[in-house]
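**Student:** Single-letter residue listing:
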Amino acid sequence: MIEKKFRIKNKLGIHARPAGQLVKVATRFKSAIYISRNGNEVNAKSIMGVLMLEAGHGSEVIIRINGEDEFSALEAIEELIDKRQFDEE
Amino acid sequence: MHAESAASQEMRIKGLAVSQGIAIGPAFPFGSGIQDVRPHEVAAAEVEAEVQRLTQAIENAKCELTRIGEETQERLGERSAEIFEVHILILDDPEIRGAAIRRIREERLNAEWLFLQVVEKYEQSFSHFKDEYMRARATDLQDVKRRVIRQLQGAAKSPGDGLPGPAVVFAADLMPSETIHLRRDYVLGFATELGSRTSHAAILARSLKVPSVVGLGPVCQYLVPGTPVILDGYSGQLILNPAPETLERYEKTRSLYEALSHKLARSRTLPARTKDGKDIELSANIEFFEEVQPAIADGAIGVGLYRTEYLFLMRDELPTEEEQYAEYVRIIDALHRQPIIFRTFDLGGDKAQRHFHVHQEANPFLGYRGVRLYSEREEVFRMQLRAILRASVRGRVRILIPMISSVTEMRFCRGVLESVKEELRAAAIPFDEEIPVGAMIEVPSAAVSADLIARECDFLSIGTNDLIQYTLAVDRSNRYVDQMYRAFSPSVLRLIRDTIHHGHAQGVWVGMCGEMASDPLATMALIGMGLDEFSVSPVSLLVIKDIIRRVHFDECENLAERVLSYSTADEVENYLSSVFRRKFRDLIIHDPNHPLVRREQN
Chain R
1 MIEKKFRIKN KLGIHARPAG QLVKVATRFK SAIYISRNGN EVNAKSIMGV
51 LMLEAGHGSE VIIRINGEDE FSALEAIEEL IDKRQFDEE
Chain Y
1 MHAESAASQE MRIKGLAVSQ GIAIGPAFPF GSGIQDVRPH EVAAAEVEAE
51 VQRLTQAIEN AKCELTRIGE ETQERLGERS AEIFEVHILI LDDPEIRGAA
101 IRRIREERLN AEWLFLQVVE KYEQSFSHFK DEYMRARATD LQDVKRRVIR
151 QLQGAAKSPG DGLPGPAVVF AADLMPSETI HLRRDYVLGF ATELGSRTSH
201 AAILARSLKV PSVVGLGPVC QYLVPGTPVI LDGYSGQLIL NPAPETLERY
251 EKTRSLYEAL SHKLARSRTL PARTKDGKDI ELSANIEFFE EVQPAIADGA
301 IGVGLYRTEY LFLMRDELPT EEEQYAEYVR IIDALHRQPI IFRTFDLGGD
351 KAQRHFHVHQ EANPFLGYRG VRLYSEREEV FRMQLRAILR ASVRGRVRIL
401 IPMISSVTEM RFCRGVLESV KEELRAAAIP FDEEIPVGAM IEVPSAAVSA
451 DLIARECDFL SIGTNDLIQY TLAVDRSNRY VDQMYRAFSP SVLRLIRDTI
501 HHGHAQGVWV GMCGEMASDP LATMALIGMG LDEFSVSPVS LLVIKDIIRR
551 VHFDECENLA ERVLSYSTAD EVENYLSSVF RRKFRDLIIH DPNHPLVRRE
601 QN
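Protein sequence lines, in the order shown, are assigned to chains R and Y.
The first sequence runs contiguously to residue 89 in this note's numbering.
The second sequence runs contiguously to residue 602 in this note's numbering.
The reader is advised that the hints may include incorrect statements.
Calculated pairs, DSSO-like style, for lysine-lysine (alpha carbon to alpha carbon, straight line, at most 30 Å) [unchecked claim]:
hint: 1; chain 1: Y; residue 1: 275; chain 2: R; residue 2: 4
hint: 2; chain 1: R; residue 1: 30; chain 2: R; residue 2: 4
hint: 3; chain 1: Y; residue 1: 121; chain 2: R; residue 2: 9
hint: 4; chain 1: R; residue 1: 5; chain 2: Y; residue 2: 130
These aren't lab readings, by the way, just hints derived from the structure by calculation.
Values in this document were obtained by computation on a predicted structure and should not be read as measured data.
The following block holds chain R by itself, in its conformation from the complex (with noise of 0.2 Å):
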């Protein structure tokens, strides 16, 4: 299992569209991916559950992961919500 701290520095935070990219980066993978804020965690691979979240600009997000693929999907996710910032113009 792996676990990973990020911030989400994109101006509208983990909106719906950035919402929907995570969780499309999650069903690629087969390991369990769970993103928890204030200790309220879930389903990584559940749009209802990261829109849930409330994860706007700023906040602190964890990723958990647990699977055969966590490393690779770990990476895709860092990927996601650091480098590209969710694609936001």
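Guided by the hints, dock chain Y onto chain R, whose structure is given.
**Tutor:** What follows is chain Y alone, placed relative to chain R:
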């Protein structure tokens, strides 16, 4: 809810104008009447059927979202379309779909009610979010919710039901069955998320003269019932929460248009005759039964182009002869012996695939379409001819063959027609023995050999849309070259002149059923070239008639001669615009979106 506070500013959305006019009033989003949903018990034996009903409704809603997404992507790019993927993810989420299904099984209540409960629980949580942007996600849920509930309520609930008063009706798409049930006096305008100029809703809106804009994209999510809107069916603009100045400007423009159409309507029953007495046959292009009555009311002397493809595209199977016959009879009877030109099915490219197993073509517009399908699928062509011939005894019917590019094709069609007639005679089935047959002139090869083709025909009808595109080698839907699509190119004008001339020399009359016939700027030039018949879109009937009634034939001849002497489309258009401004000042409304004013500015 929060949409209200977020949307109280003026907001403009561009769609596709499909039916002229300006509608000002409160919005009525289709499906906003879901407060009608009530819980009721489902018998134990029916529970699985109820689950199935919800599953089907969700799948249908997903299909709709996929379509909107594709259309939006085409028009506005990938980013704008992503929101629909999110909506699809929401519908597939176990917390939504799974939870609703589980609750149907446990609580044995109806799908509408439980789906609403599940979604509204989240909606409520969202509305308590601190972050304003996050809070606004509740509108995504509302949109998803309405879509599914509408699917569940199905055709039983038409968008006009529960219209509290005059309103602008909004919907994802309006199905024929839905539009037909609307209370006409309450519908100020139609606005849809999906659709094109030729969608059924668009055609119906035009025939009902209700301003309409389609293809607006994800608009329902910004609306709550009663949001004040302006729908501009000239420019395709939708304005939400218009500012007072905007409202004032539009009210003024609307009254100008109303005054003009009121004035034009006075010549409804007068003949389309020039001042010096030349009669012009002015008829309408139609596709559906519903369009016949309004066109006749606006003074069309008949139908100059009845597009029959609709019957072939409705379903996966081909229409039977009886189905075609019934529809043709209905339309012919509505005309009370005024003439009608049936264009035999003009399918091609993607449209024909379902029925004709057309191969993927690199250039469908240069491929297997129109009359070119008839030899391989002669039985389909014969069946349509039989249906038309049988119906022909009830009125004055003419037949028009699309996409003719050679005499050989025309001879083939006449041969088939003769053999079908022979069949009917043998079976003692009555039909009009003298039924006239014409060729559609829309391919340059047909236009330049119009004399040869006219010898095989009783009339010619010029289809300008394809003629222009083939002559100039310009695909009008390709935005890299669409500015080169010019109806007033000297090359196109020469082909039109020659076609008319050749037709007359062979003793047949020549009409026009393409868009150019509906363009007020072209009317005088076409009269001057000797065009006998104008078949126009129903909304253009009154203005074209007004122009015809205000000109002399010899003045049109002089104008045509001058127009044909110019070397570029710009020169032609500038000249025609200047004449139009001088003679028909009153027909131009100073609205920057008016087609004629817009053209001047370009």
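**Student:** Against which earlier hints does the structure fall short, listed by number upward?
**Tutor:** Of the numbered hints given earlier, the structure breaks just one, which is hint 1.
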